[in-house]
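Residue numbers (this note's numbering), protein chains in the order written: chain A, 3 to 340; chain B, 3 to 340.
Hints listed in this document are in silico derivations from the structure and should not be mistaken for laboratory results.
Note that the coordinates shown come from a computational prediction; the quantities given were computed from them, not determined experimentally.
Just to be clear, a hint being listed does not mean it is correct.
Identical copies carry no separate label here, and so any pair may be met within one copy or between two of them.
Stated by the list, open to error - Here are the simulated BS3-like pairs of lysine-lysine, each with C-alpha atoms no more than 25 Å apart in a straight line:
#: 1; residue 1: K271; residue 2: K254
#: 2; residue 1: K5; residue 2: K44
#: 3; residue 1: K208; residue 2: K187
#: 4; residue 1: K136; residue 2: K324
#: 5; residue 1: K268; residue 2: K254
#: 6; residue 1: K76; residue 2: K187
#: 7; residue 1: K208; residue 2: K243
#: 8; residue 1: K187; residue 2: K243
#: 9; residue 1: K79; residue 2: K5
#: 10; residue 1: K46; residue 2: K166
#: 11; residue 1: K318; residue 2: K46
#: 12; residue 1: K187; residue 2: K77
What follows is each chain in one-letter form.
Number of protein chains: 2
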Amino acid sequence: MIKIGVDANGGDLGVEATVPGAMRAVQMFPDIEIVLYGDENKIKPLLTNPERISIVHTAVTMDMGEHNPAWAVKKQKDSSLCMAMYAAKNKEVDAVVTSGPTQCVIMAAHLIVRRLPMMERVALCPIIPNMDGKPRLILDCGANVELKPNHYGEFATFASVAAKEVLGIENPTVGLINIGSEPGKGRQIDQEAYEYLSNMKNINFKGNVEPDQLIDCPTDIVVGDGWSCNIAIKTLEGTAKGMGKMLKQEIKASTGGKIGYLFMKKNLKRFSMRMNSKEVGGAMIFGIGAPVVKAHGNSDAYAYSSAIRQLYNMVKSDLINKVVASLPKNDEEVKSGE
Amino acid sequence: MIKIGVDANGGDLGVEATVPGAMRAVQMFPDIEIVLYGDENKIKPLLTNPERISIVHTAVTMDMGEHNPAWAVKKQKDSSLCMAMYAAKNKEVDAVVTSGPTQCVIMAAHLIVRRLPMMERVALCPIIPNMDGKPRLILDCGANVELKPNHYGEFATFASVAAKEVLGIENPTVGLINIGSEPGKGRQIDQEAYEYLSNMKNINFKGNVEPDQLIDCPTDIVVGDGWSCNIAIKTLEGTAKGMGKMLKQEIKASTGGKIGYLFMKKNLKRFSMRMNSKEVGGAMIFGIGAPVVKAHGNSDAYAYSSAIRQLYNMVKSDLINKVVASLPKNDEEVKSGE
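Looking at chain A on its own, in the form it has when it is part of the complex (with noise of 0.2 Å):
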């Protein structure tokens, strides 16, 4: 049995989203379990077929507009993020998928579950959907605003490991974010950073990679700092919607709008579809001692569903073990690729 401990109360929708998607991702795999922590009061009701569901009752949620990541993971240890993550660093559940507030959520990573011994630092990795239908990988999103080349060694590694074992790539290939193809380009660290990843044999590095190519991205992984792929997810994910939403606007300003929509329903469906974050799950956090995604605020119950499967992928391919195996011990292993 793999178990999924989910932070019930978290997420715009709360309960609504987290026990319908829960009751459905115990339907798509025999052999799950899954722990809600969240309100026993307001998860019953919704609770219509509690197979292999059991609830951990906390009427704590951790505050969306908390402002002091450390001091409420510190503070708020009866929230229901802080129970699931306690959950896991104490095996009780294998893995945890939480809507909290994305700061809180790695401190939490952090603080609880803890690091990896030879993991520096802890990334964020989203996965991006993309024009071919192909997921990519890209981090650091948002836990470290500044990096030593090494950390892109760390996350390169983490993210090949998880491409493969989690997404089914043979032999991920690695990007690095930057605002030219040549190795010359950007800031001294991007620099750095370049030259270090060229030396490692453990992964598949293919050079620079132009934000502007990260909807058809020519690689499987991309890597950068917090701030840089911060910048590249938001702006890609601000343009899309504002896209969509433009296309609504245009569509119905007019009659010969509507009565073509009418028409192309379906290809407008399956364009939106494409664009769909729901469908690929959230974001992974790499570089703690267990399985944790943090899936977007607005999650639903489907998109719950998919982060629960991402889960169950994580932790039935061992993916922590195997990229502890993976790690490089030293600067030296890197480089002669042992």
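Using the hints, position chain B against chain A.
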């Protein structure tokens, strides 16, 4: 008469776009004169109406694949790009438009036209189309990968004057690109820049702007370093282009889509025009002694005429002198707002 110099050999289409673009611009403004720097033998057959358009011959074109911009600018003084810049320096023309390689354009602006004494840095400032149809300025988009807080102040001042004089925006608002809305977000430099901009009395600073807001931007101007803004704008452009391509693919994928297209052809045309950068002109180079616009490499005649209109407005409004008058002479003046 306002004299505009055009790097006629530059860009993907070269004289095929610059010559008809110049002829179109001359028809738009009775008080404009254009000098085409380029290959006379190629220009003459296309110049069907030479009214107020003269040619300064050079067959040399700056190579788009140039890896060492400083060297290229010094070595290729007889290129159409450099000749137009020298003409601006020597006041033979009032302003210059070019589609040459971005880093060479910035370098030529720097080395030939020269930086204004009170500007420590030069910035590349494209105009980005927005959902509400109103243009926004974003800078620096590539001239400097790292900046000090006072450089953000220079850029905000320059762009504020330009937004007022060229785009007609009264009391334009300024935002700082950041990964969160609160003042304490981002790297050390972003926090310092926030503080610096907050203390400036000659600009209308509104705080942080998140990258997902860029397409529907709450401020008229967004400032940031060349690394961050470049990532944002490239992601925005790539995503918008990719989304357009996906929409086309989905529409073409079925008969229903094709029929629907016939009904909403105009709607889709308006949709694609809303994010069309050809409409809004090119990227302005701020901080040098003359207005220079870097047009997109793929600019057509229409895009050139837009860029020339933009330069016309910059010269007509006496932008450079107004900026010089607005730029604070020292830090104290910034804070007192004198």
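Hints and how they fare:
1. K271 x K254: So K271 and K254 pass the 25 Å test inside a copy (16 Å) and across (14 Å) alike.
2. K5 x K44: within (22 Å within a copy, 72 Å between copies)
3. K208 x K187: within (15 Å within a copy, 32 Å between copies)
4. K136 x K324: Close inside one copy (23 Å), not across copies (51 Å); limit 25 Å.
5. K268 x K254: both (16 Å within a copy, 12 Å between copies)
6. K76 x K187: Intra 41 Å, inter 21 Å, cutoff 25 Å: inter-copy only.
7. K208 x K243: between (30 Å within a copy, 24 Å between copies)
8. K187 x K243: between (30 Å within a copy, 24 Å between copies)
9. K79 x K5: within (21 Å within a copy, 70 Å between copies)
10. K46 x K166: neither (38 Å within a copy, 59 Å between copies)
11. K318 x K46: neither (29 Å within a copy, 71 Å between copies)
12. K187 x K77: between (44 Å within a copy, 22 Å between copies)
Consistency with the previously given hints fails for numbers 10 and 11, ordered from lowest to highest.
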